[in-house]
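Trainee: Chain by chain, the residues:
There are 4 protein chains.
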Amino acid sequence: MSERNIRVEPIDRQAVEDQEVEIVERKGIGHPDSICDGVAEAVAGALAREYLDRVGEVLHFNTDETQLVAGEAAPAFGGGEVVDPIYLLIVGRATKRYEGQTIPAETIALRAAREYLSETIPNLEVGEEIVVDVKLGEGSGDLQEVFGEDEVSVPMANDTSYGVGHAPLTETERIIQDAEARLNGEFADENPYLGQDVKLMGKREGDHIDVTVAAAMVDEHVPDMDAYADAVESVREFVEQVAGEHTDRTVDVHVNTADDYEEGSIYLTVTGTSAEQGDDGSVGRGNRANGLITPNRSMSMEATSGKNPVNHIGKIYNLLSTEIAEQVVDDVDDIRDLRVRLLSQIGRPIDQPHVADVHVVTEDGVELGDVQDEIEAIVDEELASVTDITRRVIDGELSTF
Amino acid sequence: MSERNIRVEPIDRQAVEDQEVEIVERKGIGHPDSICDGVAEAVAGALAREYLDRVGEVLHFNTDETQLVAGEAAPAFGGGEVVDPIYLLIVGRATKRYEGQTIPAETIALRAAREYLSETIPNLEVGEEIVVDVKLGEGSGDLQEVFGEDEVSVPMANDTSYGVGHAPLTETERIIQDAEARLNGEFADENPYLGQDVKLMGKREGDHIDVTVAAAMVDEHVPDMDAYADAVESVREFVEQVAGEHTDRTVDVHVNTADDYEEGSIYLTVTGTSAEQGDDGSVGRGNRANGLITPNRSMSMEATSGKNPVNHIGKIYNLLSTEIAEQVVDDVDDIRDLRVRLLSQIGRPIDQPHVADVHVVTEDGVELGDVQDEIEAIVDEELASVTDITRRVIDGELSTF
Amino acid sequence: MSERNIRVEPIDRQAVEDQEVEIVERKGIGHPDSICDGVAEAVAGALAREYLDRVGEVLHFNTDETQLVAGEAAPAFGGGEVVDPIYLLIVGRATKRYEGQTIPAETIALRAAREYLSETIPNLEVGEEIVVDVKLGEGSGDLQEVFGEDEVSVPMANDTSYGVGHAPLTETERIIQDAEARLNGEFADENPYLGQDVKLMGKREGDHIDVTVAAAMVDEHVPDMDAYADAVESVREFVEQVAGEHTDRTVDVHVNTADDYEEGSIYLTVTGTSAEQGDDGSVGRGNRANGLITPNRSMSMEATSGKNPVNHIGKIYNLLSTEIAEQVVDDVDDIRDLRVRLLSQIGRPIDQPHVADVHVVTEDGVELGDVQDEIEAIVDEELASVTDITRRVIDGELSTF
Amino acid sequence: MSERNIRVEPIDRQAVEDQEVEIVERKGIGHPDSICDGVAEAVAGALAREYLDRVGEVLHFNTDETQLVAGEAAPAFGGGEVVDPIYLLIVGRATKRYEGQTIPAETIALRAAREYLSETIPNLEVGEEIVVDVKLGEGSGDLQEVFGEDEVSVPMANDTSYGVGHAPLTETERIIQDAEARLNGEFADENPYLGQDVKLMGKREGDHIDVTVAAAMVDEHVPDMDAYADAVESVREFVEQVAGEHTDRTVDVHVNTADDYEEGSIYLTVTGTSAEQGDDGSVGRGNRANGLITPNRSMSMEATSGKNPVNHIGKIYNLLSTEIAEQVVDDVDDIRDLRVRLLSQIGRPIDQPHVADVHVVTEDGVELGDVQDEIEAIVDEELASVTDITRRVIDGELSTF
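Chains as they are written, first to last, in full-length UniProt numbering: chain A, 1 to 401; chain B, 1 to 401; chain C, 1 to 401; chain D, 1 to 401.
Hints may be right or wrong, so weigh each one.
As the list claims (entries may be wrong) - Ranges between beta-carbon positions, derived for each pair:
{"id": "1", "chain 1": "C", "residue 1": "D207", "chain 2": "D", "residue 2": "D18", "range": "28 to 34 Å"}
{"id": "2", "chain 1": "D", "residue 1": "D260", "chain 2": "A", "residue 2": "A384", "range": "55 to 61 Å"}
{"id": "3", "chain 1": "B", "residue 1": "G347", "chain 2": "A", "residue 2": "G244", "range": "24 to 30 Å"}
To be verified - DSS-like cross-link-like pairs, simulated, lysine-lysine; straight-line CA separation at most 25 Å:
{"id": "4", "chain 1": "A", "residue 1": "K135", "chain 2": "D", "residue 2": "K135"}
{"id": "5", "chain 1": "D", "residue 1": "K135", "chain 2": "B", "residue 2": "K135"}
{"id": "6", "chain 1": "A", "residue 1": "K135", "chain 2": "C", "residue 2": "K135"}
{"id": "7", "chain 1": "C", "residue 1": "K199", "chain 2": "B", "residue 2": "K135"}
{"id": "8", "chain 1": "B", "residue 1": "K135", "chain 2": "A", "residue 2": "K135"}
{"id": "9", "chain 1": "D", "residue 1": "K135", "chain 2": "C", "residue 2": "K135"}
It is worth saying that the hints were derived from the structure and are not from the lab. Each residue gets a CB set at the ideal place from its N, CA and C atoms; glycine is no exception.
The shape of chain A in the complex, shown without the other chains:
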């Protein structure tokens, strides 16, 4: 029997899948907010790895405040140009001096940002179409003795905070998540006209799902208006097909609905992201830790990207609660909806949350009592290995947005 304060209770609402109206959104990896999330997390990972490498421990840092100031662009069929560059300011704190060593935190941050951007938004010329600047204040310099190379102790919570996770995803959620991933994966690989800035919103009313896609097209690969129209239609068909794999409900897909072909007002970009023209971005304003924005579910306001994965309890508990929810649903049958909330208490070890409450909707005919022990055991086990989350974040294995 666990000594942890774990509660498993029936949820006090319907499963989201059964609610009448459901809204789900995802900002793709090329959206300005996601760019900031991605850079912040890339910088955090690079710092953590570098600290481990140099001093054997993850020192104090927090880089969860990257700000993007949009540029100005003049896209054109066949290839336009960025007129005023995007400005990206990496903001945060990092330990720069430790036991006589200097640690080049800003240089590390710039390198990580550059590599991340080059890889993620390949049409964006870093240093030319985007200026990357950095302001990292000196961190406290306190040793975080909690996460060294050799031995790992469980750190104390640095704050009263909480995290929340859900599983399983609803059909609409899976459609949005999968469609973005595959648009930015297999589809973009074959169709270079699709930029990384795709934003999807799913709205389900009863058994009908509308998926609205805003997809930035890359002008270099779009010779004319017909090609543009074809590109839009291809995206529509692709998303429709992806949706069909996840639901039997009726689905309508709408792509770039604000276009006005007569006026020549279409969603054409030079770089594949709307950051090039008027859309600013910052960390924590877009997707939650599970990659979605889900107003039907409780969400944490906490920005997960860029935070220190060793002791920032908001980050850890958001990732861990999602992890727990998925693990439970994987291992336990007959769960229709499940929410895990972890609430920390300052000064307690983070594997001992003040309360871990799990709210469950079981399938018809199944009693909560039938699965309660099994769930509790999984939660207990996952909490016991909380530092795995830290390790996986540092290794870049967990997505935070």
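Please arrange chains B, C and D on chain A, whose structure you already have, making use of the hints.
Mentor: For chains B, C and D alone, coordinates are given in the frame of chain A:
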């Protein structure tokens, strides 16, 4: 009978007041995130009024991305100093040229920010302890013919977005809200040692409420450790008293629990905000439009502060849904909990949301049917006067964070 | 007999007063380059005084790199406005940590800049029409033990550098110098339409002098084109009168010659400086240490403003050589032209220059031998009291541009 | 007979070669001031070429204000690292909109800067060890009809300004110039330990020349202190040998004299430039247009680098007067020293200077009258082809610093 798509339904969960665990948070006006919200909204209001004044219409702008980079300070009993200034970057778009006129958007923004900061954080010397910079790209220059001085037409939604509002507030919510307001009001007036950066978290488990307060003390007014301890105790007593006015539940108040007097590690500041030392901030990362962070309720991720109040549907619907919820609860008896969600559809007039759904928990013994028509009528009426929201935002009458 | 290496020799050219063509220029205190010089020097003085005050010694700093990025303005008769603010970046190094004390170098710099700007360019609203930012790297932290409160030792030269000074000023030089001083003094006091950005160029060919003045007018005090024309004419008459006090040569004064009244192209400003519209500036690009640009004389490239007055040899020697030249001409009769050059050698005390060479043109009928000893004695004495220069710079008594 | 106002007169001083004391300085291409000069000029050239390419004319721009804020580095034998990146701000004006076209001036500037830096300071990782930012205001947009692709008209002077040039170089000048060029050329090619930041000062007293070299060594190629000492000695020997090719006077070469091996205080860098650690830089603070700082000669304060080569008279006249001086000395025998000054007058064609005065020292036994006509003819011819200077600057054929 309204032609608007208004649905009034029972909520699919318990009233929050009846849930076992409830968490509520508020970042006070001096918190770095709130500073950004406040500056962004002050800038937006100033721009809107200036546009009205100069061209008779509110032109395109969006200033919802202010970023604060923390400074470094050396507080000391009796008065320390800011060592490295805070850096505040106002980011956004604004129309700078319109029909032959130039509009000094950046100058307006700087003035508004300076005035807001001087008034809100009086111990912070603007231009010396905080550098305020600005990067406003050129807005589209399209005339927003929707909100002129003389006639007001209802604009079309610019996006598919939604807003959500709740009423009535639970006891815990009212405690947190009221305590922050009065700490930063009457209490600070009499006790200048209290800084504006107070952060309150309420956690209710059953019938016990814990209120945790982090209160930045202003060193100039704190001569020594004893005075500090007294200040902390005064805050504690004051919050306890405020709480008592809102609940019969048991309440424990904890102030600056991370202090360690032995180590001299206390929450002392020069300026009254943690932005002076290591705490960065940005817009939309803190309080929701109703001034609270309420994980027990559905929340919108949309940043409300700094957005254009004429046509930014996320801003308008967040404010309007809160307004509607409060109006319903004011006018209709026997409502225990109520959530209003407004979902827009691109291209439809904003007084005609795609759906306005109202979920209600009535008091025991009251049927939803008894109040349904009354609620619908209020919603209908509020939607009809949606442009009032815009007017009140421009006049600075509505708080957005 | 001095042990210093002082050489007094005949100059190898005519006195400048006797040369056929002479050019003299001065950028007034409101010129963008002068603004940078002035801010840099104000910051340096403030830092030096603060160091003395706090630790009893002037610590390492160097702030000679302020950069001004021009704004954009829309001046108009009766009062226009700044559309895009000027951006001023204070750049340099300063000691921020010393023997356990933190010294708020950036805060000090911002305050000094703000005060200097408010006083010098009163029509420029600091924080609204100009953003003042700062990037001061950490200085070396080495104690400069050379200039304490109580005892003053003579520091060693930090570099191989040189300074150069001249006296007496020629008529043309005196006209340019005096005209700028009095335009920005008595004239502006009575005529608020004159901005601080006046630039004067004198060109003498034989016995005719042309003085060309570019004078920024302040729109608030200029109701219309006639008033503007009157203002220009007043400036012209004033400068003509000043010139007449210094010379019997013929003088033509030309004011704002690039104006085109037909086209409405005139030199009207909101703030009194061209920095508001397109004219960038930086330190060391304008006037030399004696306040003039004199191509007929040898000049040092060294920026004098903003440098540390204790040990920066370029600054000290430029000021000291000017001081010496003036002292000699005050005390010794019959000197028509005189140039003092001081060349340092790294590691030698700065009162022992590698060579101090003085080149002299005596009046007709006077032999150099007649005055040589007297000159040498003055040079020797001035060198002996080199630290007076430092003291006077710190006290703000010496102008550096 | 020319209609130009050309005067050829005896100089009113000795030839510099014959003066008793001579000082000459050159900041090598990797010095922070030279980096700024180089970037400013690279940006100017790129803009000019791009304007020609796009609209057939060089539009208004001026980019002569690049500012470099030094970083912080931790060099170490065998390879250290940059801890805080250098910050480089490109400042100026450029036409961004012209006849319906947008011209991506900032993107062009960033690209040019990046390419220049990568080529010139190869050990400096752009975007990682140096952040390049840009603030280019909108230029006036006036068409500069003066310099098109097809026809070239002679522009009017935009200012009253002057340029000055000298020839032939003295021995000391040639030593300094050649030594820097070859250190950064053949020597560095074979000895990668030598960084680009070499600063040379020559001081001649009578027939003895001291050359003081400050040479930044690149740590990656310097394994230990012995290797460092060898590197210093190699530089010394190389400069000694170069000097021997230019003079029969005695020469002493001193390299890195401020080093203190005992203290481990040596001139070791990561990137080959002192900009990495504490040395700020800006345009126009270093070398004059002929690549040297020559206090024995009259110099122009005008920054040549970064200015528009079509109509910026300060730039053109500095380059042209140097060109003329060199041409005269090439073609006319028996000239020992020669100074060319060109003075513009606003509104006159730039091939018609207000006055072109040439001051000459002939060899003993040669009368000025013997060469006067020849000189005048060359000056006349060079003035007639003034637009060649513009063309060659645009093509990057003329060095400006």
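Trainee: Hint by hint, note whether the structure agrees.
Mentor: Comparing the hints with the structure gives:
Between D207 of chain C and D18 of chain D the beta carbons are some 31 Å apart, a value that agrees with the proposed interval 28 to 34 Å. Checked against the given bound of 55 to 61 Å, the beta carbons of D260 of chain D and A384 of chain A, roughly 57 Å apart, stay inside it. Checking the proposed 24 to 30 Å range against G347 of chain B and G244 of chain A shows it holds: the Cβ atoms sit about 27 Å from each other. Restraint check for K135 of chain A and K135 of chain D: the C-alpha separation of about 18 Å stays at or below 25 Å, so the hint holds.
Under the criterion of a C-alpha separation no larger than 25 Å, the hint pairing K135 of chain D with K135 of chain B is consistent with the structure, at around 11 Å. Taking the CA atoms of K135 of chain A and K135 of chain C, the gap is near 11 Å; set against the 25 Å cutoff, the hint holds. The straight-line distance between the Cα atoms of K199 of chain C and K135 of chain B is roughly 31 Å, outside the 25 Å bound, and the hint therefore fails. With a CA separation close to 17 Å, the supplied pair K135 of chain B and K135 of chain A stays within the 25 Å bound.
With a C-alpha separation of about 17 Å, the suggested pairing of K135 of chain D with K135 of chain C holds against the 25 Å cut-off.
Violated hint for the displayed structure: number 7, the only one.
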